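With the hints as extra help, turn the sequences into a complete structure.
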Amino acid sequence: MNEHSFFFTAMIYLAAAVVCVPVAKKLGLGSVLGYLLAGIFIGPDVMGFIGAEGQDILHFAEFGVVMMLFLIGIELEPALLWKLRAPIIGMGGMQVLITTALITGLALWLGQPLRAALALGMTLSLSSTAIVLQSLKEKGLMPSAAGQSSFSVLLFQDIAVIPMLAIFPLLAPPGAAAMEGHSLRDGLPGWAQTLIVLGAVVLIILAGRYLVRPLMRVVARARVRELFTTFALLLVVGISVLMTVVGLSPALGAFLGGVVLANSEYKHELESDIEPFKGLLLGLFFIAVGASIDFGLILSQPWRMLGLVIALMTVKCLVLLALGRLFRLSTDQNLLFGFSLSQVGEFAFVLLSFTHQSGILPADTTSMMTAAVALSMAFTPLVIMVYEKLLQPRFTITESAAREPDAITEKHPVILAGFGRAGNIIGRFLLANGVRTTILDLDSDRIDLLHNLGIQAYYGDASRHDLLQAAGAADAKVIIIAADSIDQTTEIVKVVRKHFPNLQMLVKAESISDVFDLMELGVLHIYRESLDTSLRMGADALRMLGYRAYHAQRAAGTFRQHDEKALKELSALRDDKKTYLHTFKERIEEIARLINRDNVKPWNNETVSWDESSLIEEAKKE
Amino acid sequence: MTRILILFAHPALERSRIHAGLIHSIRDLQGVTLHDLYEAYPDLNVDPDREQELLLRHDIILLQHPFYWYSAPAIIKQWQDLVLEHGWAYGHSGTALQGKLLGNVISTGGMQSAYVRGGHHGYTIREFLLPFEQTARLCNMTYLPPFVIHGTHRMEQPDMPYCCKQYRQMLEGLRDDRYTPGALAEAVYLNELM
Numbered sequence: 001m002n003e004h005s006f007f008f009t010a011m012i013y014l015a016a017a018v019v020c021v022p023v024a025k026k027l028g029l030g031s032v033l034g035y036l037l038a039g040i041f042i043g044p045d046v047m048g049f050i051g052a053e054g055q056d057i058l059h060f061a062e063f064g065v066v067m068m069l070f071l072i073g074i075e076l077e078p079a080l081l082w083k084l085r086a087p088i089i090g091m092g093g094m095q096v097l098i099t100t101a102l103i104t105g106l107a108l109w110l111g112q113p114l115r116a117a118l119a120l121g122m123t124l125s126l127s128s129t130a131i132v133l134q135s136l137k138e139k140g141l142m143p144s145a146a147g148q149s150s151f152s153v154l155l156f157q158d159i160a161v162i163p164m165l166a167i168f169p170l171l172a173p174p175g176a177a178a179m180e181g182h183s184l185r186d187g188l189p190g191w192a193q194t195l196i197v198l199g200a201v202v203l204i205i206l207a208g209r210y211l212v213r214p215l216m217r218v219v220a221r222a223r224v225r226e227l228f229t230t231f232a233l234l235l236v237v238g239i240s241v242l243m244t245v246v247g248l249s250p251a252l253g254a255f256l257g258g259v260v261l262a263n264s265e266y267k268h269e270l271e272s273d274i275e276p277f278k279g280l281l282l283g284l285f286f287i288a289v290g291a292s293i294d295f296g297l298i299l300s301q302p303w304r305m306l307g308l309v310i311a312l313m314t315v316k317c318l319v320l321l322a323l324g325r326l327f328r329l330s331t332d333q334n335l336l337f338g339f340s341l342s343q344v345g346e347f348a349f350v351l352l353s354f355t356h357q358s359g360i361l362p363a364d365t366t367s368m369m370t371a372a373v374a375l376s377m378a379f380t381p382l383v384i385m386v387y388e389k390l391l392q393p394r395f396t397i398t399e400s401a402a403r404e405p406d407a408i409t410e411k412h413p414v415i416l417a418g419f420g421r422a423g424n425i426i427g428r429f430l431l432a433n434g435v436r437t438t439i440l441d442l443d444s445d446r447i448d449l450l451h452n453l454g455i456q457a458y459y460g461d462a463s464r465h466d467l468l469q470a471a472g473a474a475d476a477k478v479i480i481i482a483a484d485s486i487d488q489t490t491e492i493v494k495v496v497r498k499h500f501p502n503l504q505m506l507v508k509a510e511s512i513s514d515v516f517d518l519m520e521l522g523v524l525h526i527y528r529e530s531l532d533t534s535l536r537m538g539a540d541a542l543r544m545l546g547y548r549a550y551h552a553q554r555a556a557g558t559f560r561q562h563d564e565k566a567l568k569e570l571s572a573l574r575d576d577k578k579t580y581l582h583t584f585k586e587r588i589e590e591i592a593r594l595i596n597r598d599n600v601k602p603w604n605n606e607t608v609s610w611d612e613s614s615l616i617e618e619a620k621k622e
Numbered sequence: 623m624t625r626i627l628i629l630f631a632h633p634a635l636e637r638s639r640i641h642a643g644l645i646h647s648i649r650d651l652q653g654v655t656l657h658d659l660y661e662a663y664p665d666l667n668v669d670p671d672r673e674q675e676l677l678l679r680h681d682i683i684l685l686q687h688p689f690y691w692y693s694a695p696a697i698i699k700q701w702q703d704l705v706l707e708h709g710w711a712y713g714h715s716g717t718a719l720q721g722k723l724l725g726n727v728i729s730t731g732g733m734q735s736a737y738v739r740g741g742h743h744g745y746t747i748r749e750f751l752l753p754f755e756q757t758a759r760l761c762n763m764t765y766l767p768p769f770v771i772h773g774t775h776r777m778e779q780p781d782m783p784y785c786c787k788q789y790r791q792m793l794e795g796l797r798d799d800r801y802t803p804g805a806l807a808e809a810v811y812l813n814e815l816m
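Chains H and D are the protein sequences, given in the same order. Residue numbering for the first sequence follows the working numbering, starting at 1 and increasing by one per position. Residue numbering for the second sequence follows the working numbering, starting at 623 and increasing by one per position.
No wet-lab data here; the hints were simulated from the structure. If you're wondering where the values come from, they're calculated on a predicted model, not measured in any experiment. Treat the hints with caution; some may be incorrect.
[Unchecked claim] Ranges between beta-carbon positions, derived for each pair:
#1 R421/H with Q700/D: 14 to 22 Å
#2 K621/H with R649/D: 34 to 42 Å
#3 E612/H with D798/D: 56 to 64 Å
#4 T533/H with W691/D: 32 to 40 Å
#5 S534/H with L704/D: 25 to 33 Å
#6 D798/D with L453/H: 55 to 63 Å
#7 L704/D with R421/H: 27 to 35 Å
No residue lacks a Cβ here, since even glycine has one placed at the ideal position from N, Cα and C.
In structure tokens form, the structure reads like this:
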């Protein structure tokens, strides 16, 4: 491979990844599928940029898997494992065992030899950590029962890969030249072979404890950033070489090395150094997998392909549903659990390429299975969507779905949208002053409680035009918006602006970014929930330090004016981007900017009030 | 023993020289209640019930304050508006304050010579204090001559102890009924009686 063709190939791969991954993510398919699509696109069946050398790259990129296992090892937290031991071993263990058994049985029934059937069973029992965790996190479902169960099962699967990698070489038919190269074990008697393997494992553990840590200290002390990266790479490569020499799986050794170093003080440096290489190589690996799929074969029998995928996912899903029932998940959670884990994971690609090389499975079967796995992954977002749209509403008793808005029978000059902490104080205050309000709230428990207390409040979404109409918005003078979330608040504001411009809006905000959002919507009267309380506490602190009460009171009042003015100025300076303030760091920066303003601008005129020094000056001159 | 209530009003006591010294010197005085209005009501939200009850428990009411713009700081006016209710302090049935004494204890930046007809300020202190005097009359109270500390803008540190001592003595005199009604009616400033 000359230099030009190397750079050309690199360019093709990188460009394909850069184009396809963002598109796949945008479509909700996740990055793994993006890489696969990139591979298919540049592969022999579509564009034909890469041909036979795709196989070489697959070999090289498999090193990404080794790195991934090193990272899994280093990230294993014994405390977390212990806490989740019941679901991990119970649910995870049973899922892997039962699914493996079922799929192996199916494969045998379809006429596969035992070795191949076992390999397929183990391979296809795994689910996709990357896809499932990503989509559950995106939907905020991680803390749910289904989310936690999914996490436990995925964790067990990640660990289960290690023994699988150890078992697979044993499944290789004796004749096939299994591993590349020759290992030290060749031609040795059985007991010596065992001894060498054990010795290598002990070597890794001892070296990790007593050699690598002091070495890392030396390397770290050199204070050359890239030297540490170099060392981290050397570590993983070294383990791989050692394992290959003794004829064991490099991935297994890397995992072990990771576990040994998990509680070293350089854990996080190692992680962050290896992470980008892992990401790059795994991306390359998935591209190579995509490029190696034989589309001619698949397109020749599309129905068989589709049937295979659906059968696979159904089997996996049924096993999961049974387990969920056994572990007492509620119906809706169980469905989510079963549906989201029903695909086959990215590790299947690793195991499939291994089975192909070691001759466990013939090339056309691996091609077929690789495509099936990829399709099952592609179906996952669709499957979760089916769950959300069709199944969840039936099995989840959500208040908002079950309860119709109340009929509103009274009309008052003030509509109070949201009767939470702030809303109930406002309502009480107004009532104490003889002003009745029409109370709307989305929390049905709260509404029922108010009814029990004899207070008339109405259940309903105040951002609905018809509900506001019924609440007398057309004739009311003021609407006080004190909803629980900023999203609800902005919805209500928009509807009021559009349909009831006669209403004066008083809007409660929580954070500074809420204030900015509301300012952008043109709201004039914005009240930050914490501002007055905080200033009162600050003023009382001044009093306790011996300041005069009146001074403290005025200082707080002046500060509030200054703060509101500064916010308005910052809002004018702010970017129009909606997402601007949403990360924590940016919020901190915003506060820092406000504090700077406090320092630069003399906000407190208190020093000038009632000052007689200029009068005294003048009197003395006379 | 006559009980004295001092309604004290200074919006920036931390910057005051005279009044800080004055109230410090009388804190331990028997029979004298010092009521710091700005400290009690920093939001100017004066509580009429509490104030009326305080008034009923005392015989002499002194308004102590700097003489801002020929009058008192804002909280004194707020106090008058809220506490001296019709039907309680004045009017046909308003006799709660009958027979009590009301007076001002003030400090001015200018010298006494500025407060004369044709002087820098054009009128006398007694003339400027007419609204208070008439307030006392309307509430069936007797108005005392004011206790005045003039020339605070030119006052030097060594003069302070003298003012404080004079103030304390004056309060003791009032408390112990040392001044005859005739002498009180005749005096222009309370300071003269010492």
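Practice problem: Report the numbers of all earlier hints that the structure fails to satisfy, in ascending order. | Solution: 1 and 3
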